[in-house]
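There are 2 protein chains.
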Amino acid sequence: MRIDGLQYANWSEKIFKQLREGGVDAIHVTIAYHENFRETVLNFEQWNKWFEQHNDLIMPGLYASDIDAAKASNRTAVYFGFQNPSPIEDDIGLVEILHRLGARFMQLTYNNQSLLACGCYESEDSGITRMGKQVIKEMNRVGMVIDMSHSADRSTIEAAELSTRPIAITHANPHAWAPALRNKRDAVIQAVTENGGMLGFSLYPHHLKDKTECSLLSFCQMIADTAEKYGVEHLGIGSDLCQDQPDSVVEWMRVGRWTKDIDYGEGSASNAGFPPMPDWFKDNRDFHNIEKGLAEVGFTATEVSAVIGENWYRFFKDNFGPAE
Amino acid sequence: MRIDGLQYANWSEKIFKQLREGGVDAIHVTIAYHENFRETVLNFEQWNKWFEQHNDLIMPGLYASDIDAAKASNRTAVYFGFQNPSPIEDDIGLVEILHRLGARFMQLTYNNQSLLACGCYESEDSGITRMGKQVIKEMNRVGMVIDMSHSADRSTIEAAELSTRPIAITHANPHAWAPALRNKRDAVIQAVTENGGMLGFSLYPHHLKDKTECSLLSFCQMIADTAEKYGVEHLGIGSDLCQDQPDSVVEWMRVGRWTKDIDYGEGSASNAGFPPMPDWFKDNRDFHNIEKGLAEVGFTATEVSAVIGENWYRFFKDNFGPAE
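These protein sequence lines map, in sequence, to chains H and B.
Heads up: the first sequence at position 91 corresponds to 91 in my numbering, and the numbers run straight through without jumps.
Heads up: the second sequence at position 130 corresponds to 130 in my numbering, and the numbers run straight through without jumps.
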């Protein structure tokens, strides 16, 4: 079983076919960066069209059991998430509405301060806000996973503690291995995993040691080191694959509508676009390379399966339904 | 089993308790008259709050099986519908979105011309529009029932013919019995029922012979006559009960935002508000009176059950899921 904990491709029949060629049973896809509620609904509508047009390749994912249904019919189950709480605007009632529509992950922030918490690019992190505490409770109630991939340290640690259900960092790596602003310090990974949460390892070059030149073995050794520290059961892949996206999309991610200046995020003026992927992970057909690499650095077959899919499967199973 | 095919009460714990006292297993409730998409979502949100607060009395109804679940737990299953296509605005993709949120009926028009068809108060009925034909196809695909209660004759007959699945008139009576503008002529009832559709009999006084003074036996004899003409299997109740609503609400129904003049609809300047209900049907505790009346005019016990609930149950079962 192969599950990817985060992708944001420029979706097409070509990519849906590559998901099948690569044996990817489920993916969590981002459908909002800065979109408001109505704009997010338009993105759900676009996916409904794809589900109709390509119902031999993909199907909607609502619960973990849909992965079983997808496997049985040789398709990929698609789960939705937001990288910003902008889809709920200032209305907590939209959490349940969007869960009903299929949203299963929501970041409490993108890079900036949100109504709920603080993003990792702000200079001051004042932690979870008043509304943030209410929204965490509501997400826990309905079964929408709190994702802190882009949030600042204090906010992330507080979210892990306030949440009565496990939270996730769907796409990031340990800061100690690659000291990018978006990668996570030990105290953060500790807080998330000791509360039952998941860390999805990112293949986005800005999150990798040596970026595009990162070696497969360096990536897999980093996973082995993380497993030793925090337990292999908390680890998965969240590739952050942005396949076939034009550079205008990375600008939308970074700039949204919040500034008139250009913000280069993890890039720079001279390197503003999407960076090229490492040659051992170009697209959805390359998960077998990671499996090979994990075996080479000493993972057992059971552990490889856990990291490549079984851990996310268990996490989906426990966290997408209403609280008991 | 008791099912009401249309209500629009001013909902409260008192009314939810009366539903239980009256043994009403399911109701179809209107949640939009002129609301746009976002406003309709706010109404879904309000119902989500009621489902949380009163989960001992009511539960969301999505499929007919929820009526079984409601009966088993001594609750009323609540199904949603719109009396106007305003919630989909000009966007056909919102049909599937709103179906996912729980909408199961949508009128193609309220009293006026809509983007889809013609309402019964217009002087000219040009039938189903271009968008209307597309929306009928989409409603058929996802399992949202076409309701023509407020539509003009030609539009209704065309909808019955164009739809590949049965349609409904959830709340109206035969025009021959009570010649109100909103009641339905023979050709209309014929077209709806011969395509497998349902007619829900209204208790709204403006639709009754002798209005508030209408006798129970006159109402039940009218049902008997309709059963003889069109078959008892096509008949149910759609009480149109607007319990505890202030008169400002009937003004909103009639006037919406489409006119600056006052439109009195079925009322008049001297009688602008909600008319008083007949004394044998004041609220949800009075369905047993109708059952008694139906028996008195000659219905068998099986036929009474069919009209009071079983016919709607079968119709819900066949028409709320995706087309095969």
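None of these hints come from the bench; they were simulated from the model.
Among these hints, one or two may not hold up.
Copies of the same chain look alike in the list, so a pair counts if it fits in one copy or across any two.
Said to hold, decoys possible - Calculated lysine to aspartate or glutamate pairs in the EDC-like style (CA-CA distance at most 20 Å, straight line):
(1) 133 with 21
(2) 49 with 324
(3) 292 with 310
(4) 282 with 210
(5) 137 with 45
(6) 49 with 124
(7) 229 with 263
(8) 137 with 247
(9) 49 with 90
(10) 292 with 213
(11) 49 with 138
(12) 282 with 52
Source: prediction; values computed, not measured.
Hint by hint, here is what the structure shows:
1. Neither within a single protomer nor between protomers do residue 133 and residue 21 lie at most 20 Å apart by alpha-carbon distance, with minima of 42 Å and 39 Å respectively.
2. When the C-alpha separation of residue 49 and residue 324 is checked against a cutoff of 20 Å, the pair qualifies only between copies, where the shortest distance is 18 Å, while the shortest distance within a copy is 34 Å.
3. In this homomeric assembly, residue 292 and residue 310 come within 20 Å of each other (Cα to Cα) only inside a single copy, at 17 Å, whereas the closest approach across copies is 60 Å.
4. Taking CA atoms no more than 20 Å apart as the test, residue 282 paired with residue 210 passes inside one copy only; the shortest distance there is 16 Å, against 76 Å between copies.
5. Proximity of residue 137 to residue 45 under the C-alpha cut-off of 20 Å is restricted to the inter-copy arrangement: shortest distance 17 Å between copies versus 28 Å within a copy.
6. Taking the shortest alpha-carbon separations for residue 49 and residue 124, neither the intra-copy value of 42 Å nor the inter-copy value of 36 Å comes in at or below 20 Å.
7. Taking the shortest Cα distances, residue 229 and residue 263 never come within 20 Å of each other, neither inside one copy (35 Å) nor across copies (72 Å).
8. Taking CA atoms no more than 20 Å apart as the test, residue 137 paired with residue 247 passes in neither setting, with 37 Å inside one copy and 38 Å between copies.
9. With identical chains, the CA atoms of residue 49 and residue 90 are at most 20 Å apart between copies only, with a shortest distance of 17 Å across copies and 28 Å within one.
10. Taking identical chains as interchangeable, the C-alpha atoms of residue 292 and residue 213 lie at most 20 Å apart only when both belong to the same chain, with a minimum of 18 Å there against 82 Å between chains.
11. Proximity of residue 49 and residue 138 under a CA criterion of 20 Å is satisfied inter-copy only: 12 Å between copies versus 30 Å inside one chain copy.
12. Taking CA atoms no more than 20 Å apart as the test, residue 282 paired with residue 52 passes in neither setting, with 27 Å inside one copy and 46 Å between copies.
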